[in-house]
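**Student:** Chain order of the listed sequences is F and D. Positions 894 to 1207 (this note's numbering) are the ones given, in order, by the first sequence. Positions 894 to 1207 (this note's numbering) are the ones given, in order, by the second sequence.
The hints are simulated quantities; they were obtained by calculation from the structure and are not laboratory data. Just so it is clear, the structure is predicted and the values come from calculations on it, not from any experiment. Hints may contain errors.
The list treats identical chains as one, so a pair stands whether inside a single copy or across any two.
Each computed DSSO-like pair below joins lysine-lysine, with the alpha-carbon atoms no more than 30 Å apart [what the hints assert, rightly or not]: (1) 1098 with 928; (2) 1019 with 1165; (3) 1175 with 971; (4) 1181 with 1165; (5) 1181 with 928.
In case you want the letters, here they are:
Protein chains: 2
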Amino acid sequence: MYRAGIDLGGTNIKAGIVDENQRILIEDSVPTRAKRPYQEVIKDMAELVKKLLAQLGIGEDVLAGVGVGSPGTVDAAKGVVLYSNNFDWENVPLAAELGAYFSCPVGISNDANCAALGEVKAGAAKKIANAILLTLGTGVGGGVIIDGKVFEGAHAGGAELGHTSLIFGGEACTCGRKGCVEAYVSATALIRDAKRAAEKHPASKMNELCGGDLTNMNGKIPFDAAWDGDTAAKEVVENYITYLGEAIANFVNIFRPDVILLSGGVCNQGEKLTKPLSLYIKDKCFAKERAFVPEVKCAILGNSAGIIGAANLI
Amino acid sequence: MYRAGIDLGGTNIKAGIVDENQRILIEDSVPTRAKRPYQEVIKDMAELVKKLLAQLGIGEDVLAGVGVGSPGTVDAAKGVVLYSNNFDWENVPLAAELGAYFSCPVGISNDANCAALGEVKAGAAKKIANAILLTLGTGVGGGVIIDGKVFEGAHAGGAELGHTSLIFGGEACTCGRKGCVEAYVSATALIRDAKRAAEKHPASKMNELCGGDLTNMNGKIPFDAAWDGDTAAKEVVENYITYLGEAIANFVNIFRPDVILLSGGVCNQGEKLTKPLSLYIKDKCFAKERAFVPEVKCAILGNSAGIIGAANLI
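Kindly generate the complete structure, drawing on both the sequences and the hints.
**Tutor:** If you want it as structure tokens, here you go:
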């Protein structure tokens, strides 16, 4: 049997056909063009899956399920996207609408949950039952895997790890609160802090690496400048690691998982990121060395995680 | 069948025999005298249960299980108290040691987990499957019930909701970190903040209610003074409710439970506490009115929650 996984993004709909060994046999994408009526977006999702099946020469009779990872607040139990800011979607019956194109079951979940499930099924946490993934991108998504399954919360809108407080009354968050984890450890936040530091310290190498134009700032520049000895950049990087370490310590104290996974561009830093984080949380987690402290690792599947995870929702 | 529940406290060992309707048929307590060898404490626990059974005229053959709620870091799966600061306990094999006195199974968990389970089985969250309890006492314990069962975390030292950050770098916490939820919403923290405010504002009614001696400060005084219009006390109370609201919003965003329960002396404030908290979290939880926002309620079982919850561990 085969399963289809769809990663619904703001720019592209990515889909793949996944076999029982969690290999993606074929994948492709089409533009989302998110502002269309949702029925059209969903029709394109169905057609993309059917095209991939046809290219593989696989009939729908051996398709065990179709899963979708969607941004926004997803009611997985009801199959409804309650709200997605990117898409102007409200109460979109995604599972039912997509299910009309297939005879197999259709499941949906939040995209970060799918990425976490993908890494547990086939990636950095393979064969591990309890994992937490933080996606460090424009925002911060949280995926919680308990006993090998996605933990959604009792009601929709759980596992929103990025929207827990880190600094009460701090930086404004996209969710309307202040001081959320997302407002400090997203790539957006890192770039904001790097820009501020570069502005404050005109001699900082970060300005040079931006070619004198701070709109060129990205999440790599503060790390590059820091490893090169730049003091202002070092402070940005150290703060970033501290914020992320505090957030991870919180999630360890709550879930005490087998492993913490990170994904996003910042993971290109590899052990330069995960080593200081591991040291930091060893010192900060409740009961310290008396209790289990999980390893902090980078996710390894990249974009495939979302497809494999979505395929495993069913 | 009957079950025994034991609430192991720093001062007293409380135990009760619970029937299948979750009624405590009989209960009693003995002093813990915590600094003794743990074997003696555990022997007293066993003898107390056996005495209660004898008083009821119930044989051990109809005792289905014995459960213990213990302070500290508890490895429920292994039946071991990894660490308890109050008792100077480290790696105490509580379940095995107590089990030697009984032929039925023995289970252990953290005391806050037991209190949460008790409230779900017989108290403020009866017939509710997903609840979070915050015990607001000397410290802050967290009990997480998912699908009617205690959520311990994948490894021991999970569900420590009091040890998640609220104000990065803030007040020192007993766990060694700074700015934890416990350091702002425990009764200890409330009293600390009320003392500081009373000291800063000599005209505050809080000083009068303390009889001019701030060592008399308790968690009720700032509320009493605030309802009486005292400005300094109002600020203490408003800050307290804000801190607690932020913490609750975090736990809603993570677990999205059916209900949030609070216990501890501060719950004597009833709706004066829960109403503003409910309003606060409605505004702060992720996705606001688009997602389910749980009710905030006070626990109702008092000390019985720990006994009933412990009895239900088996």
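**Student:** Each of the hints needs a verdict: does it hold here or not?
**Tutor:** Outcome of the hint check:
1. 1098 with 928: Answer is neither: 40 Å inside a copy and 59 Å across each miss the 30 Å cutoff.
2. 1019 with 1165: within (23 Å within a copy, 49 Å between copies)
3. 1175 with 971: Classified as between; 22 Å across copies, 39 Å inside a copy.
4. 1181 with 1165: within (22 Å within a copy, 37 Å between copies)
5. 1181 with 928: Answer is between: at 23 Å across copies they meet the 30 Å cutoff, but 49 Å inside does not.
Hint compliance for this structure: hint 1 is the single one not met.
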